[in-house]
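2 protein chains.
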Amino acid sequence: MKKNAHATLTEVARKAGVGTTTVSRVINGGERVSPKTLAHVLRVIESLGYTPNEAARTLKGHRTKTIGLVIPSIADPFFSSCAEAAQAVARANDSLLIVTTTQNDPDAEIESIKVLIRHRTDGLLIAPADSHGSALLNLLNRIVIPVVAIDRPIYKSSCGCVVADNFKGARVGTSHLIEHGYKRIACLTGETSLYTIRERIKGYKKAIENAGLTPILDTSVTDYKSAERVIQKLLAGPNPPDAIFALKNSTTIYTFEVLQKLNVAVPQTVALLGFDDFELASTVRPSISVIEQPVENMARIAAEQLFSQLLDAPKGTPHDRSKPGEVFKLDTRLILRSSCGCTA
Amino acid sequence: MKKNAHATLTEVARKAGVGTTTVSRVINGGERVSPKTLAHVLRVIESLGYTPNEAARTLKGHRTKTIGLVIPSIADPFFSSCAEAAQAVARANDSLLIVTTTQNDPDAEIESIKVLIRHRTDGLLIAPADSHGSALLNLLNRIVIPVVAIDRPIYKSSCGCVVADNFKGARVGTSHLIEHGYKRIACLTGETSLYTIRERIKGYKKAIENAGLTPILDTSVTDYKSAERVIQKLLAGPNPPDAIFALKNSTTIYTFEVLQKLNVAVPQTVALLGFDDFELASTVRPSISVIEQPVENMARIAAEQLFSQLLDAPKGTPHDRSKPGEVFKLDTRLILRSSCGCTA
DNA sequence: CTGTTAGCGCTTTCAC
DNA sequence: GTGAAAGCGCTAACAG
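So the sequences go chain by chain: A and B.
According to the working numbering, the first sequence holds residues -12 to 331 in order.
According to the working numbering, the second sequence holds residues -12 to 331 in order.
None of these hints come from the bench; they were simulated from the model.
It cannot be assumed that every hint is accurate.
Since copy identity is lost for identical chains, a pair holds within one copy or between any two.
Calculated pairs, BS3-like style, for lysine-lysine (alpha carbon to alpha carbon, straight line, at most 27 Å) [as the list claims (entries may be wrong)]:
{"no.": "1", "residue 1": "LYS155", "residue 2": "LYS101"}
{"no.": "2", "residue 1": "LYS2", "residue 2": "LYS316"}
{"no.": "3", "residue 1": "LYS47", "residue 2": "LYS316"}
{"no.": "4", "residue 1": "LYS2", "residue 2": "LYS101"}
{"no.": "5", "residue 1": "LYS310", "residue 2": "LYS143"}
{"no.": "6", "residue 1": "LYS101", "residue 2": "LYS310"}
{"no.": "7", "residue 1": "LYS2", "residue 2": "LYS47"}
{"no.": "8", "residue 1": "LYS47", "residue 2": "LYS170"}
{"no.": "9", "residue 1": "LYS101", "residue 2": "LYS23"}
{"no.": "10", "residue 1": "LYS192", "residue 2": "LYS155"}
{"no.": "11", "residue 1": "LYS101", "residue 2": "LYS47"}
{"no.": "12", "residue 1": "LYS155", "residue 2": "LYS189"}
{"no.": "13", "residue 1": "LYS101", "residue 2": "LYS52"}
{"no.": "14", "residue 1": "LYS316", "residue 2": "LYS193"}
{"no.": "15", "residue 1": "LYS248", "residue 2": "LYS47"}
{"no.": "16", "residue 1": "LYS192", "residue 2": "LYS143"}
{"no.": "17", "residue 1": "LYS143", "residue 2": "LYS155"}
{"no.": "18", "residue 1": "LYS155", "residue 2": "LYS316"}
{"no.": "19", "residue 1": "LYS212", "residue 2": "LYS192"}
{"no.": "20", "residue 1": "LYS23", "residue 2": "LYS192"}
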C-alpha cells in the first residue's frame, strides 16, 4: 500500500474487496449499489481519506468544473467585487473560479488565457485590456469554449458581453453639472486606451456640446503627481474650471486630495463629480457625488450567461461560435452627494 | 478528424507524421528533436491551435501547478491584497492561484479545502476561520500536501504560519494613546472568535493594565448601527472615553463616521486610533492614525514558504508532515496621523 | 534523434 | 447489483 499519497479509487476498491465500478458508483451518488455495499465502501473511503481526482475525471471528457476570470488586477475594488460576484455564481454552479490578472497588458492577457486553456476551464470571463486587439481576437476565434466579455467588449468577436452604459452615465453626469450652472467643466482622466474611458469621454463631450460649452479635457492624469500638476495649471490659467469631472475612481480621489491640499473650496470654488463609487465617498467632507456602476450585477450576469451557454451545450459538444452572444448594457446611477453642489 | 474540440497530442502527431513522443518533446522544450522536425511539429501545433491538456499531465503524477488560497472574502481589501501578492509568487513559480472564500464560516472552509484537494492543488494557503477548529485540524492532518496558514495560525497543526504581531501592535498603539495623556481609552470591536482580534484585545489590555488604567472594552460592534449605539452609550455615560481604539478596519470607519455625525471633535474631544491601514485614512479629516500590517509581505512570505516546501519534496514524494513548519510573526508599524492627537 | 508501449485515476459500456 | 476491460491525453522508459 502506497502510504502518504493521495489514495486512489483502485486502492479503495481493493481494500473494500469490490470492483472499481462499484466505488465509482458510490462516489457518484450511490445509485444501483446495495445499501450494505454502499455503507462498507463509504467506510473504506473515509478510513483512507480518499478524495476523487478531478484530473482523471476531466480526462474522460467531462467538464473541469472551473471557469476562468481574467481581470487587470485583483486588488482593484471594482474587480475584486467582480471576482466575488462571479465566484458566487460559480459556486452555485458547482464550479471553481480561477482568477488571473493582466495589469491591462495585452501580452499578459494572452498568456493568462493560454494558461487557463491549458487547465481546460469550461469557460472564460474576460475584461479585455484592448477591445480592439487582434491578437486577442485571433486567440478567441480558435478557442472552443464559451467566452463572455465583462466591463469592456471585444469588437468583432462573437462572444457576448456585459458592460455598463459608460456613455450615458458620463453624459447624464455632465448634464447634471451643467444644470448646476457650471460653465467650465474640466474632464480629467488617464488610460485612454480603455473602452470604458473612451466611452465616458464621448459622453462628456456630447453633453458639453449639447449645452454649447467648451470641453476642457486632460488625459494625462495617472497618479497624484500628475493630478496635482494638471489641476494647478488649470486653476492658474485664464479661465479656471468651476467644476471637475473625474473619469475614474483613482482620478477622483487624487483630484479630491489635490483640491483639499490647495485649499480649494468644494463645491463653492470648484465642484467635483466622479465616475465609479468608492467606499468612503460619502464619508469624506464634502461627500463626493459619483456615477455608480452596477458592478455586482455585471459580474453576476456575465457569469450566468457563461453558465447558461455551458449548460446549453449537450455534454461533449464544443461551444457553438456561430451565433453571436448576447450584449448587455447596464444602466449606471447618479448618486448625488455634496461635491457637485447638491447638498453644499 | 474530430472538429471543434480541443486538439490532442495524438492528433498533432498523426498530422505531423511523427510519434507522440516527439510531439511531447516539442511541447516540453524541444530537446533532442532535430531542428527540422521541431519546426514542422511547431507548425502543425499552430495550425491545429493545440494546447496541452494539464489534466493529462497531472495524471502522470506531475504537479498540477496550482495552489489554493482560502480566505474569508475576496472583496475585503486586506485579503484582496493578500491574493494579489500570493498570485505574484505563484506566477513566478509558474503556477496558478485558485482562490476560494469562506465568509469565516468553518463549514464553508472545510468544503473549500475539499474542493481544492479534489482538484489536486499542489499546496494550500489558508486564513483559518477558527484557529482552534478540530474539524479543520482533522482534515489537515490527513492532507498530503503542504499547507501554510496566513494571518491566523492553526493550533496544534504542524503547518507553518505567517501572521502579524497583533498583540505587540495593539500594545504599542494603546501605549501611544496613553503617552498622549488619554486616561479613558475605549476599545471597540466585533468578531471576537478570530485569532487576530483576540490578540489585539490582549495587547490593548496589557498596555492599559501596565499604565494602571481601566479597560473599556465593547465587542459588539459589527456594523454602523451597532457602532452608533455603543458610542452614544459610552459618550452619554458618567465617564465618557477620551480616546477610542478600533480593532479592525471597518470598525475604525464606522467609528469615524459616527463621531463625525455626532459632531464630536477628533482628536480634541475623543481621539481615534485604528488597527489596519486603509486607502483614504490619510485623506479624511482629521487623517486617521493606524497600526499598519505588512499585508503584502505576509502573503508573499507565506506563498514563498509553500513553494519552498513544494520544491524541497523530490518529485512524487508526499509532503513530510513530521517536522512542523516555520512560524513567522511580522512586525506592524504605527502610522501617526492626526486623529490620535499627533498633528491636530 | 525518433517511435512503441505501458500506464496515471477514473468513467463507462457491456456482460454476468 | 456488480465487475472486467477499454480508453481519455499525456509522459517516460526502453528500444532502435
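These are the hints, each one checked on the structure:
1. For a Cα distance limit of 27 Å, the shortest separation of LYS155 from LYS101 qualifies neither inside one copy, at 35 Å, nor across copies, at 45 Å.
2. For the identical chains of this complex, LYS2 and LYS316 are neighbours neither inside a copy (57 Å) nor across copies (44 Å), given an alpha-carbon limit of 27 Å.
3. Taking CA atoms no more than 27 Å apart as the test, LYS47 paired with LYS316 passes in neither setting, with 38 Å inside one copy and 45 Å between copies.
4. In this assembly of identical chains, LYS2 and LYS101 lie within 27 Å of each other by CA distance solely across copies; the values are 22 Å between and 41 Å within a copy.
5. Taking the closest pair of Cα atoms, LYS310 and LYS143 come within 27 Å of each other only inside a single copy of the chain (13 Å); across copies the shortest separation is 56 Å, beyond that limit.
6. Within a single copy, LYS101 and LYS310 get their C-alpha atoms as close as 23 Å, which meets the 27 Å cut-off; across copies the closest is 38 Å, which misses it.
7. Within a single copy, LYS2 and LYS47 get their C-alpha atoms as close as 24 Å, and across copies as close as 23 Å, so both meet the 27 Å cut-off.
8. Neither within a single protomer nor between protomers do LYS47 and LYS170 lie at most 27 Å apart by alpha-carbon distance, with minima of 66 Å and 69 Å respectively.
9. With identical chains, the CA atoms of LYS101 and LYS23 are at most 27 Å apart between copies only, with a shortest distance of 26 Å across copies and 47 Å within one.
10. Taking identical chains as interchangeable, the C-alpha atoms of LYS192 and LYS155 lie at most 27 Å apart only when both belong to the same chain, with a minimum of 11 Å there against 54 Å between chains.
11. When the C-alpha separation of LYS101 and LYS47 is checked against a cutoff of 27 Å, the pair qualifies both within a copy, at 22 Å, and between copies, at 21 Å.
12. Taking the closest pair of Cα atoms, LYS155 and LYS189 come within 27 Å of each other only inside a single copy of the chain (9 Å); across copies the shortest separation is 53 Å, beyond that limit.
13. Within a single copy, LYS101 and LYS52 get their C-alpha atoms as close as 17 Å, and across copies as close as 14 Å, so both meet the 27 Å cut-off.
14. Within a single copy, LYS316 and LYS193 get their C-alpha atoms as close as 19 Å, which meets the 27 Å cut-off; across copies the closest is 56 Å, which misses it.
15. For the identical chains of this complex, LYS248 and LYS47 are neighbours neither inside a copy (63 Å) nor across copies (61 Å), given an alpha-carbon limit of 27 Å.
16. In this assembly of identical chains, LYS192 and LYS143 lie within 27 Å of each other by CA distance solely inside one copy; the values are 26 Å within and 63 Å between copies.
17. Taking the shortest alpha-carbon separations for LYS143 and LYS155, only the intra-copy value of 22 Å comes in at or below 27 Å, while the best inter-copy value is 57 Å.
18. Taking identical chains as interchangeable, the C-alpha atoms of LYS155 and LYS316 lie at most 27 Å apart only when both belong to the same chain, with a minimum of 10 Å there against 50 Å between chains.
19. In this homomeric assembly, LYS212 and LYS192 come within 27 Å of each other (Cα to Cα) only inside a single copy, at 25 Å, whereas the closest approach across copies is 42 Å.
20. In this assembly of identical chains, the alpha carbons of LYS23 and LYS192 never lie at most 27 Å apart, being 74 Å within a copy and 57 Å across copies at closest.
Of the hints listed earlier, those the structure fails to meet are numbers 1, 2, 3, 8, 15 and 20, in rising order.
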